[in-house]
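Chains as they are written, first to last, in my numbering: chain A, 1 to 305; chain B, 1001 to 1305; chain C, 2001 to 2251; chain D, 3001 to 3251.
Bear in mind the hints are in silico, worked out from the structure with no lab data behind them.
Fair warning: this is a prediction, and the values are worked out from it, not measured in the lab.
A few of these clues could be false.
Unchecked claim - Each computed EDC-like pair below joins lysine to aspartate or glutamate, with the alpha-carbon atoms no more than 20 Å apart:
id, chain 1, residue 1, chain 2, residue 2
1, B, LYS1209, B, GLU1064
2, D, LYS3177, D, ASP3201
3, C, LYS2070, C, ASP2144
4, B, LYS1209, D, ASP3227
5, C, LYS2197, C, GLU2230
6, B, LYS1211, D, ASP3232
7, B, LYS1052, D, GLU3230
8, A, LYS52, C, GLU2230
9, C, LYS2233, A, GLU82
10, D, LYS3070, D, ASP3144
11, D, LYS3070, C, ASP2046
12, C, LYS2081, D, ASP3085
13, C, LYS2205, C, GLU2230
Said to hold, decoys possible - A partial selection of chain D residues facing chain B, derived with a Cβ cut-off under 8 Å:
id, residue
14, LYS3041
15, ASP3046
16, PRO3048
17, LEU3050
18, ARG3051
19, SER3213
20, PHE3218
21, GLY3219
22, ILE3220
23, GLY3223
24, ILE3226
25, TYR3234
As the list claims (entries may be wrong) - To be clear about the criterion: a stretch of chain A counts as covered by chain B if any three or more of its residues have a C-beta under 8 Å from a C-beta of chain B, and this derived list gives those stretches:
id, segment
26, 185-199
27, 249-255
28, 295-305
Where is the CB? At the ideal position from N, CA and C, for every residue including glycine.
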Amino acid sequence: MSNIDLSVKIGSLILKNPLMLASGTVGYGNEISNFTDLSKIGAIVTKSVSLKPRKGNPPQRIVETPSGMLNAIGLANVGLEEFIKTKIPFLKEVDSTLICNIAASSIEEYVECTKTLDGEETVKAFEINVSCPNVKEGGLIFGNDIISVGKITEKVRAVTNKPVIIKLSPNVSAISDFAKVVKDEGGDAVSAINTLIGTSFDIYKRTPKIKNITGGLSGPAIKPVALAKVLEISRKVDIPIIGIGGIMNWKDAVEFMIVGATAFQIGTVNFINPNAGIEIIDGLKSYCEQMNISKISELTASYQL
Amino acid sequence: MSNIDLSVKIGSLILKNPLMLASGTVGYGNEISNFTDLSKIGAIVTKSVSLKPRKGNPPQRIVETPSGMLNAIGLANVGLEEFIKTKIPFLKEVDSTLICNIAASSIEEYVECTKTLDGEETVKAFEINVSCPNVKEGGLIFGNDIISVGKITEKVRAVTNKPVIIKLSPNVSAISDFAKVVKDEGGDAVSAINTLIGTSFDIYKRTPKIKNITGGLSGPAIKPVALAKVLEISRKVDIPIIGIGGIMNWKDAVEFMIVGATAFQIGTVNFINPNAGIEIIDGLKSYCEQMNISKISELTASYQL
Amino acid sequence: MFTSKVPVESVEKIQENIFILKAFSPQIASAIKPGQFCNLKVSETDFPLLRRPFSISDVDGDYISFMFNKHGEGTRILSEKRNGDVIDILAPLGNGFTYEDDYDTAVMIGGGLGAAPFPFLTRRLKNKKIVTLIGGRNEKDVTDWGLKNVFYSTDDGSIGFKGNVVELLISKFNDFKDSEIKIFSCGPTPMLKALQKFTVDNNIKCEISTECSMACGFGICQGCPIDSAEKDKYYLVCKDGPVFDAEAIVL
Amino acid sequence: MFTSKVPVESVEKIQENIFILKAFSPQIASAIKPGQFCNLKVSETDFPLLRRPFSISDVDGDYISFMFNKHGEGTRILSEKRNGDVIDILAPLGNGFTYEDDYDTAVMIGGGLGAAPFPFLTRRLKNKKIVTLIGGRNEKDVTDWGLKNVFYSTDDGSIGFKGNVVELLISKFNDFKDSEIKIFSCGPTPMLKALQKFTVDNNIKCEISTECSMACGFGICQGCPIDSAEKDKYYLVCKDGPVFDAEAIVL
Ligand SMILES: Cc1cc2nc3c(=O)[nH]c(=O)nc-3n(C[C@H](O)[C@H](O)[C@H](O)COP(=O)(O)OP(=O)(O)OC[C@H]3O[C@@H](n4cnc5c(N)ncnc54)[C@H](O)[C@@H]3O)c2cc1C
Ligand SMILES: Cc1cc2nc3c(=O)[nH]c(=O)nc-3n(C[C@H](O)[C@H](O)[C@H](O)COP(=O)(O)OP(=O)(O)OC[C@H]3O[C@@H](n4cnc5c(N)ncnc54)[C@H](O)[C@@H]3O)c2cc1C
Ligand SMILES: Cc1cc2nc3c(=O)[nH]c(=O)nc-3n(C[C@H](O)[C@H](O)[C@H](O)COP(=O)(O)O)c2cc1C
Ligand SMILES: Cc1cc2nc3c(=O)[nH]c(=O)nc-3n(C[C@H](O)[C@H](O)[C@H](O)COP(=O)(O)O)c2cc1C
Ligand code: FES
Ligand code: FES
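Turn these sequences into a full structure, and let the hints steer you where they fit.
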């Protein structure tokens, strides 16, 4: 069992295993620590933090869809100051790797957040969210504009030596073009994918079920799309990919690694099974044993087309 | 019951009700006529026809996904000549409205097909498929390129007076831009959406489950995305929209009309319940009665945001 | 908080469309308090995707009960469970009622299935008088399962007082003049809103159990905000609620 | 072809992992022929999305039976059906075996669950001798449910001939020297491929029942192509098959 090397490398970042908890789906780690042993998790990506606190969108923020869910949380978060003061100390205690996800409405804000957090030893890497579909400014406007994504990568890169991961929007025709720009501007990795834009209406009131009108679609429904995006990047751009989208169990995780992911994140499944991370890691180990794989990193992009 | 006016108008085309059978999901109508009364259906959209017959992609062409399915049929079809000789005669007998869907690998081919079919009295409108994700040429390359979509619309428009409907790809950042071009170039309506690109891998063989590597995702999984695309077009462009994507029952159909669809198509559900069309029409009638709606067209874009 | 696989003991239909699901769980039974809730995985597959939140309706020894209406996919599946089926339950969630403070009479007010948390509260209350007011559209909407000293109101007057349950409360208000009361309430938002106004205006202790769409049920998704009385701040229904002081929230 | 809501009579486990689901359907029973199949909606919800194709395994009076392994979501759900549950079935689908033509001995060859269509064929065959060869990995893989004159082969030799079922056929070939035989076969592709080569080389009548992923099962999705012996042409397994002449297809 213990012979299998589960560690993976993303730029200069080494993770004990490829499983990360996705941004926005585990808050700042404290609640979920009631259910799961965070010290066994490869990395925790914190809820997107912005310079100032954000109240987030009014309710209703969530609706279930077939094999998926829509959310429009609107980047509700405590803001950078509070994050540093109260959230980092808890996360420091947990023997996991902390990746800080940053959201912003301007390039300057991304840079300022990164700069401020760069000094925090507990933060081991940055995931830059250029793809939140649920806020008016920033978010998608950046995420779907290749020039902005390039600029954000370049400017953030300039203020930190820690690994910079750019979280890409799937709501574009050619996601690999965006991955290429990230690579060219010095980004260390890309995360793919954030949620797809979707909506759902009440047919009696004729109003959107989600107050924000549209929300981001996550969960098993989007897995085939996410896999295709990861594969597209993998075939076209030489950059580490963190696969995300609809992973419910270890089989899904293996599928993401095969199509090109170096590591992967689980999101929605945490809401349903808050111990899913540990179960997936165990499943990966058994799979590697069964398949005679001694280093899990061999799986990455091992597709036979 | 019979007091409700279910008819809808798309350009100069009047349909007895807004329910159409989607291209590629009912062949040329004959097999499904064993299960359902085609004369009650608003319109039948035939499998994409191309100038020459196409053998289609090798197996495996289909795989199930959570609340969805991937297909890579590869536009298998009998070709224009055979279509006219053997398929149209059957469809003529059925008292439904026939819309002919055309796929092509060049603008000239679209034009030639349209010209040839323009003379067929049974064909009441054209749906131009610029968005098939499963063929090497044409298809997506056109569908994701706004200039091509504009040109195809313009050229096809020039050779027929029958309504021209352009079937749009969802695999773009701003589908409303494409709808706008269609309107500007004289298209009568847009169909939204075709399938999303997705994939699925066998984790033991590390091969794609679908021989074509990627396929098109359809079914309930994509409904939230399709609804958001229809809503986006509806809010930005004044053109009739035919809503498609994951409709399983009359409630889903109503949802599409509320977010902006004048008519809608059902695809995947035909494979599961080949009488779904009739059941949906009945459901629409009951809904209209219950809601005191006398003309179903009032529903279109009746959203309250 | 923990997840636990719990065997179903029975599902009983106690009304036209009201079901009681009883399950065996010493662990939950000993941990949960009135007003808290559980998040149930209704199937063993990934469909439906999300858990379904339900108040704990009663705890009897090692058995826990839920009361629900069948209206969507999840409640349909629950209504078809049989003895021995296993349900994955996340519990105990949220903050329950504060019922041991200083007052004489507990007035429980439920709109329709808003009655759900009260059998358990009734069981746990010691040394308080209890009055229970249950409102519904008609006779079939209401139940006195596990409740004490029940008065009904129905929109159509088919049983009890004709009118809504807040009107019923007001009509009975004289009865409570001499004792200090505390109201525990649960039900549809319009009812809670009317009740909130009445209790705040009249300076009556009142706790409201709220509902909203949830994904996780324990504070990680931020999916369940409710406006707080404080400016520019949301509470989370699952973590800060579902029971709130009437004065603390904006409905 | 029609869809029909059919009540389940029973689900029986006849082997480690082999189930027989019996259902009551005079309509399907009277319409279907050996080798044809049905497309089953295993649940009443939209999940799993697609129907599941199954050969008709037997018809006894008004009852129809399916034989299946539990391996995925759909077969798991089927294995848990109980008396009175209703399944929506689309039938009869495809072309069955041609078994009334001129020959003396019907040799049925099944690899694992490839045995599924043969009980029904056995029942319907009149005035033919029957030999049945069933192959599997081990003892637990094979069954003689509803079959006649059965010989086994297993990879591990735990029952019958040690080797695969095509080797078993070859080993027994002398027995058939004096009669004209027709082979009916069903099973995994490698087995069918070996069999196809053997029968074509030796000019033996052989029909092959094939399987592949399907969406509709009746010809509208084009999801089920199989290479035909003709150049540049696919057959559809659901409409042109699932039973083909060994010479007609490329496996
Ligand atoms: C804290 C809390 C306690 C509750 N206690 C009870 C109870 O004791 N008895 C009872 O009958 N109901 C209770 N509810 C409501 C219950 O959660 C819903 O009735 C149930 O989720 C419906 O599921 P469904 O699949 O049958 O309906 P569907 O309409 O198919 O569900 C679709 C989605 O909407 C959500 N949803 C639907 N209705 C509601 C609702 N009223 N509130 C929140 N989400 C909803 C579902 O959770 C699901 O995600 C409670 C809700 C909350 C938040
Ligand atoms: C004409 C025909 C006749 C068949 N007869 C039988 C029979 O009598 N007994 C029996 O046990 N099986 C039979 N099969 C195979 C049977 O359809 C699959 O075992 C079943 O669909 C598996 O469903 P699942 O949900 O349990 O598996 P999953 O693996 O969860 O299914 C996922 C998807 O893959 C498809 N799939 C999985 N396995 C197969 C397969 N072997 N062939 C085709 N599609 C598959 C499913 O239909 C579904 O769409 C037949 C298949 C065909 C095409
Ligand atoms: C409720 C919710 C909140 C989210 N918040 C964020 C966020 O703050 N920042 C971010 O980058 N992604 C956010 N995401 C996106 C997830 O990190 C992930 O990319 C997405 O959910 C797809 O993965 P999944 O299908 O495993 O959930 C959020 C997703 C959900 C469901
Ligand atoms: C098996 C299959 C074949 C299809 N073939 C075509 C086609 O030939 N031309 C076309 O325009 N769309 C084709 N489509 C797309 C459908 O018409 C429809 O846009 C899509 O399936 C989404 O709708 P649904 O979710 O209701 O299936 C096909 C879809 C499926 C599932
Ligand atoms: S339901 Fe997830 S935070 Fe409340
Ligand atoms: S399964 Fe649809 S055409 Fe054969």
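Status of the D:LEU3050 interface restraint (C-beta, 8 Å, chain B): Since chain B brings a Cβ to about 5 Å from D:LEU3050, closer than 8 Å, the hint holds.
Pair hint outcome, B:LYS1052 versus D:GLU3230 [Cα-Cα no greater than 20 Å]: 19 Å, holds
Status of the D:GLY3223 interface restraint (C-beta, 8 Å, chain B): 4 Å, holds
20 Å limit on alpha-carbon distance, applied to hinted pair C:LYS2205 and C:GLU2230: 19 Å, holds
Distance restraint between C:LYS2197 and C:GLU2230, which requires alpha-carbon spacing of 20 Å or less: 17 Å, holds
Restraint status (C-alpha distance of B:LYS1211 to D:ASP3232 at most 20 Å): 17 Å, holds
Satisfaction of the D:ILE3226 interface hint, Cβ to chain B closer than 8 Å: It holds, given that the least Cβ distance between D:ILE3226 and chain B is near 7 Å, below 8 Å.
Residues of the segment 295-305 of chain A with Cβ under 8 Å from chain B, three needed, outcome: Holds: 4 residues of the segment 295-305 of chain A have a Cβ under 8 Å from chain B.
Pair hint C:LYS2233 and A:GLU82, alpha-carbon separation not exceeding 20 Å: Holds - the C-alpha atoms of A:GLU82 and C:LYS2233 are around 15 Å apart, at most 20 Å.
Within 8 Å of chain B's CB atoms, at least three CB atoms from the segment 249-255 of chain A: coverage verdict: It holds, with 3 qualifying residues against the three required.
Status of the hint placing D:ILE3220 at chain B (closest C-beta pair under 8 Å): At 5 Å from the nearest chain B Cβ, D:ILE3220 passes the 8 Å test, so the hint holds.
Restraint check for B:LYS1209 with B:GLU1064, where alpha carbons must lie at most 20 Å apart: At roughly 10 Å apart (the allowed maximum being 20 Å), B:GLU1064 and B:LYS1209 satisfy the hint.
Consistency with the previously given hints is maintained throughout, with no hint failing.
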